[in-house]
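Trainee: In case you want the letters, here they are:
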Amino acid sequence: MNAVVLTPAMVGQVIISGILAGALYAMVALGLALIFGVMRVINVAHGPLLMLGAYGTYFLWQATGVNPYYTLPVTMAALFLVGVLLQRTLVFRVVDAPELSSLLLTFGISIALVNLAQLAFTSDLRAVEFLTASFRVGPFALSKSRLVAFLVAAVITAGAFLFLQRSRLGKAIRATSQSREVALVCGIDVPRIHLLTFGLASALAAAGGTLIAVIVAIQPDMGQVWTFKSFLVIVLGGAGNYPGALVGGLLLGLVEQLASLFLTTQLSEAVAYVLLVLVLLVRPTGLLGGRQT
Amino acid sequence: MRAPRPVALAGLAVGLAALAAYPLVGTGYGVRAMLQLFMWVALAGSWNLISGLTGYVSFGHVAFFGIGAYATAILITRAAWPWLAAALAGGGVAMLLAVVIGYPCLRLKGPYFAIAMLGLNEVLRVLVSYFEGLTGGGLGLSLPTLHATLPIYYVMGATAAAVTLLTYLVITSRFGLRLMTIREDEVAAEAMGIDTFRHKLYALLLSAVGPGVVGGLAARDQGYIEPISVFPLATTITMIVMVLFGGKGTVWGPVLGAAVLFVFQEAVWARFIYLHQLLFGGIIVAVVLLMPRGVLGLLQVKYRLPRTI
Chain A
0 MNAVVLTPAM VGQVIISGIL AGALYAMVAL GLALIFGVMR VINVAHGPLL MLGAYGTYFL
60 WQATGVNPYY TLPVTMAALF LVGVLLQRTL VFRVVDAPEL SSLLLTFGIS IALVNLAQLA
120 FTSDLRAVEF LTASFRVGPF ALSKSRLVAF LVAAVITAGA FLFLQRSRLG KAIRATSQSR
180 EVALVCGIDV PRIHLLTFGL ASALAAAGGT LIAVIVAIQP DMGQVWTFKS FLVIVLGGAG
240 NYPGALVGGL LLGLVEQLAS LFLTTQLSEA VAYVLLVLVL LVRPTGLLGG RQT
Chain B
0 MRAPRPVALA GLAVGLAALA AYPLVGTGYG VRAMLQLFMW VALAGSWNLI SGLTGYVSFG
60 HVAFFGIGAY ATAILITRAA WPWLAAALAG GGVAMLLAVV IGYPCLRLKG PYFAIAMLGL
120 NEVLRVLVSY FEGLTGGGLG LSLPTLHATL PIYYVMGATA AAVTLLTYLV ITSRFGLRLM
180 TIREDEVAAE AMGIDTFRHK LYALLLSAVG PGVVGGLAAR DQGYIEPISV FPLATTITMI
240 VMVLFGGKGT VWGPVLGAAV LFVFQEAVWA RFIYLHQLLF GGIIVAVVLL MPRGVLGLLQ
300 VKYRLPRTI
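Chains as they are written, first to last, in numbering that gives the first Met the number 0: chain A, 0 to 292; chain B, 0 to 308.
These are calculated hints, taken from the structure and not from any lab test. Among the hints, a few may not be true.
[Said to hold, decoys possible] Label-pair restraints from in silico Cβ distances: (1) V259(B) / L118(A): 43 to 51 Å; (2) R306(B) / D95(A): 50 to 58 Å; (3) G192(B) / S122(A): 50 to 58 Å; (4) L80(A) / D184(B): 56 to 64 Å; (5) I14(A) / T307(B): 58 to 66 Å; (6) G11(A) / A161(B): 38 to 46 Å.
The C-beta atom is built at its ideal place from N, Cα and C for all residues, glycine as well.
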């Protein structure tokens, strides 16, 4: 590692890049946090669902030549259905089972999805060539695709929070995650809330996939690392604490960017991991505090 | 606890003797295949020790295999250790890694440990590629040529037997009962005065040593290792499938699962690499939903077999 001289411009660039990446992390992680909050299930297949969204965008873009961002509603709707289907056929059976069952079940689903994708799409790297340039604003370089990803992710995340805070269904989701029994007694159709939650979470993953597909090349096993990072984000923010996902996402984005100043790109991948271990050692309930699991 | 019946013991002795004598009559391919099977028995049995007994799922158990392989290869190439000592040291290094991971992640309930393990082999792969001076980086490490298939066959077999014996000893001990209490209800276990963190950590240590040794032996046997060859997710998946299929939390389940799935894998699935992984995913889903106790678990219930089988 070489000694790095930090200029204010570099620090600014790190903060900007970190925030840009952080919004994306927050949006994807919110999906994982929702499923965990409502059903106490960690969906190991969250990343592979994101991968499906990315491929959806790639193929729609390739087939029609349409602006890849216009595929967003399509991939989100499609993955919403996939999520509902998974919940309806498989996951609902393990909601009340011990953790071992739900972890293993979603792990099995994850393996099946990744290998289906390898069979169907091969393991070749594929890239959506769109918006590859970047803006220059003063001393800072802003990749266009990352900027769009940030804006879209921020809007979708804000929409999701608004939905959770204000709408009747959103309130029902939060009520179910606070106490399933009480929600049931209040007349909330809990199994339906579970379906909706899994669908929404999958749609959030799909949105992530669409945005990522324009930023980097995609391949079938791209998803695993997103499961891991999303989990890290909710650990950082405090499991079961939805706004915590925002804080966790931004924090992860910043730390990763900061690390890339000092470390090789390869090594900065490991930083997320070190962060997880450190947070668990120092403050296991997350930075904002959360419900004990 | 009931003592094992003499008939069962005699059968076991005959079986072990047959395996020990097998290289005298077997073909070269047959011996290599058995060596592989021993490896899977040891790996599956080790996964069972932590995940089958405590219910804490390890999604990255291959990390212990990989770090054992690297420790062994480095000791052989850089320090000229004899391979047996190096492989045993590989087991020790794997236990060290287990402490580093287990200490933060096992203090908590829930899926922290599972996901931490999911990320672990990615990180190790990155680190191994990074420290090129020691590990050869992406180019990998070549070990000096050595024709030792037969000694490795016996040591691998002994490791598989040791892991299975260890499982039997744990399951029939008070320690094992406490682990299973944690699996069934961790809060209750704590209320009964069990130091759950300590017990989980010990279980993780026991489950790390086998893969570490086996990884070292496999490295010696193959003569060449690189980051992608010793940290594949597929190996973890295979371990999990074998244990789930055979029966988690049992002594012979991992052995049964390893034998059945290994034979199928060699005979049929190896030709369809993605399809076979897809099938593994399907088996995990099916076993979790349809027969969570695995084949042996079903037989236990149906024929009232002892818990210690």
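Trainee: Can you give the numbers of the hints that this structure goes against, from lowest to highest?
Mentor: The structure conflicts with hints 1, 2, 4 and 6, although it agrees with all the remaining ones.
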